[in-house]
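*Asks:* Sequence:
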Amino acid sequence: MKIALCNEVIRDWEIGRQAAFAAALGYDGLEIAPFTLNKNGPRALNEAALLRIRKTVEAEGIEVSGLHWLLVAPDGLSITDAAADIKQRTRDTIEALVTMCATLGGAYLIHGSPAQRVLPDDDEAAARARALDHFRLAADAASKAGVNYLLEPLSSAQTAYVNTLDEAAAIVGAVGNAHFSAMIDCCSAAQAETAPIPELLSRHLPTGLIRHVHFNDPNLRGPGQGKLDFLPIVQRLTELEYDGWIGVEPFDYVPDGPAAAARAIGTIRALEQAATSGRTQ
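Residue numbers (our numbering): 1 to 281.
Since the hints were made in silico from the structure, they are not lab data.
Fair warning: there could be bad hints in the mix.
[Unchecked claim] In silico DSS-like cross-links for lysine-lysine, where the CA-CA straight-line distance does not exceed 27 angstroms:
| id | residue 1 | residue 2 |
| --- | --- | --- |
| 1 | K87 | K39 |
| 2 | K39 | K55 |
| 3 | K55 | K2 |
[Unchecked claim] FRET-style restraints, in silico, Cβ to Cβ:
| id | residue 1 | residue 2 | range |
| --- | --- | --- | --- |
| 4 | Q88 | R269 | 42 to 48 angstroms |
| 5 | A82 | L231 | 43 to 49 angstroms |
| 6 | T276 | A59 | 26 to 32 angstroms |
| 7 | G146 | E239 | 39 to 45 angstroms |
| 8 | E124 | V254 | 18 to 24 angstroms |
| 9 | V254 | D75 | 26 to 32 angstroms |
| 10 | K55 | A160 | 40 to 46 angstroms |
| 11 | N38 | S143 | 22 to 28 angstroms |
| 12 | N46 | L240 | 28 to 34 angstroms |
| 13 | T276 | F251 | 37 to 43 angstroms |
| 14 | L220 | A48 | 34 to 40 angstroms |
| 15 | L51 | T276 | 32 to 38 angstroms |
| 16 | A49 | R136 | 39 to 45 angstroms |
| 17 | G173 | A83 | 50 to 56 angstroms |
Here the structure is a predicted model, which means the values were calculated and not measured.
We put the beta carbon where it would ideally sit given N, CA and C, even for glycine.
Construct the complete structure from the given sequences, taking the supplied hints into account.
*Replies:* Spelled out as structure tokens, the structure:
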């Protein structure tokens, strides 16, 4: 399996040190949160700067797998806000993020960003329509750039908009673009979905709805640091011959970011070996 470390786990380090550390631990890539590269957003980085970042990461023998936490920077973005200036800045940022992903050599963009998809109390239907318009723009940009734009269902503790894969599937169907789909975040899925994660994988991986997976525990820590049993998840991914990326995305770094990253990759590789051994017996 291809495993990427979500780079905000070690965000205080410069990108070369991040890549060297991830490679030394056995990760195959870095999944980058754009705000860690520049707090002013993707338009603050030109093509030359992005190509330098890509070269720095690839020099360590790994690659940029994709992007996540897309709309944190610059401040004030929203896919649901009615204000014309916010809508335009958000659309410009989405297009710049797609360009950033392609330039860095990434394959996907994960649209989580719960604070930037808040549904207002006064006109929820209009807000959903605005969000759909942003997703259509993102899908068109992703198609032109040759990357995939993936909607991330999140738990109701984070957002009221898109909590389950069924909700995501309806939006994917409405957008109707082969470069726009969804992904599964284990932390949120364990809280929001009624079906177990292995069952969701069996249902949605073959259809192409799920094109990426985030490994994290409902306690916000990494694999192996909580109660979620990741072995059945790894077994199902193995059985389904999943060849996409898995992003390691803890939020609570215990005892710290580097140690959490090391614990996670060690756990996943051991589970992968156990799942593979089980198939061959």
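*Asks:* Take the hints in turn and mark each one as holding or not.
*Replies:* Results of checking the hints against the structure:
Between K87 and K39 the alpha-carbon distance is near 19 angstroms, which keeps this suggested pair within the 27 angstroms criterion. Annotation: proposed proximity of K39 to K55 holds, straight-line Cα distance about 21 angstroms (limit 27 angstroms). For the given pair, K55 sits about 20 angstroms from K2 by alpha-carbon distance, which is consistent with the 27 angstroms threshold. The beta-carbon spacing between Q88 and R269, approximately 45 angstroms, falls within the hinted interval of 42 to 48 angstroms.
At about 46 angstroms, the beta-carbon gap between A82 and L231 stays in the expected band of 43 to 49 angstroms. Between T276 and A59 the beta carbons are some 30 angstroms apart, a value that agrees with the proposed interval 26 to 32 angstroms. Taken as a hint, the range 39 to 45 angstroms is violated for the pair G146 and E239, whose Cβ atoms sit roughly 29 angstroms apart. Look at E124 against V254: about 37 angstroms separates their beta carbons, and that is not inside 18 to 24 angstroms.
Separation of V254 from D75 is about 29 angstroms and conforms to the stated range, judged on CB atoms against 26 to 32 angstroms. For the pair K55 and A160, the supplied restraint of 40 to 46 angstroms holds, since their beta-carbon distance comes to about 41 angstroms. Taking the beta carbon of each, N38 and S143 are about 26 angstroms apart, inside 22 to 28 angstroms as hinted. About 40 angstroms separates the C-beta atoms of N46 and L240, a value inconsistent with the hinted range of 28 to 34 angstroms.
The hinted window of 37 to 43 angstroms between T276 and F251 is violated, with their beta carbons roughly 29 angstroms apart. For the hinted restraint 34 to 40 angstroms between L220 and A48, the CB-CB distance of approximately 37 angstroms keeps it satisfied. Distance hint check for L51 and T276: the Cβ-Cβ separation is about 37 angstroms, which falls inside the suggested range of 32 to 38 angstroms. Hint check: A49 to R136, Cβ distance near 29 angstroms, so the stated range 39 to 45 angstroms is violated.
Checked against the given bound of 50 to 56 angstroms, the beta carbons of G173 and A83, roughly 28 angstroms apart, lie outside it.
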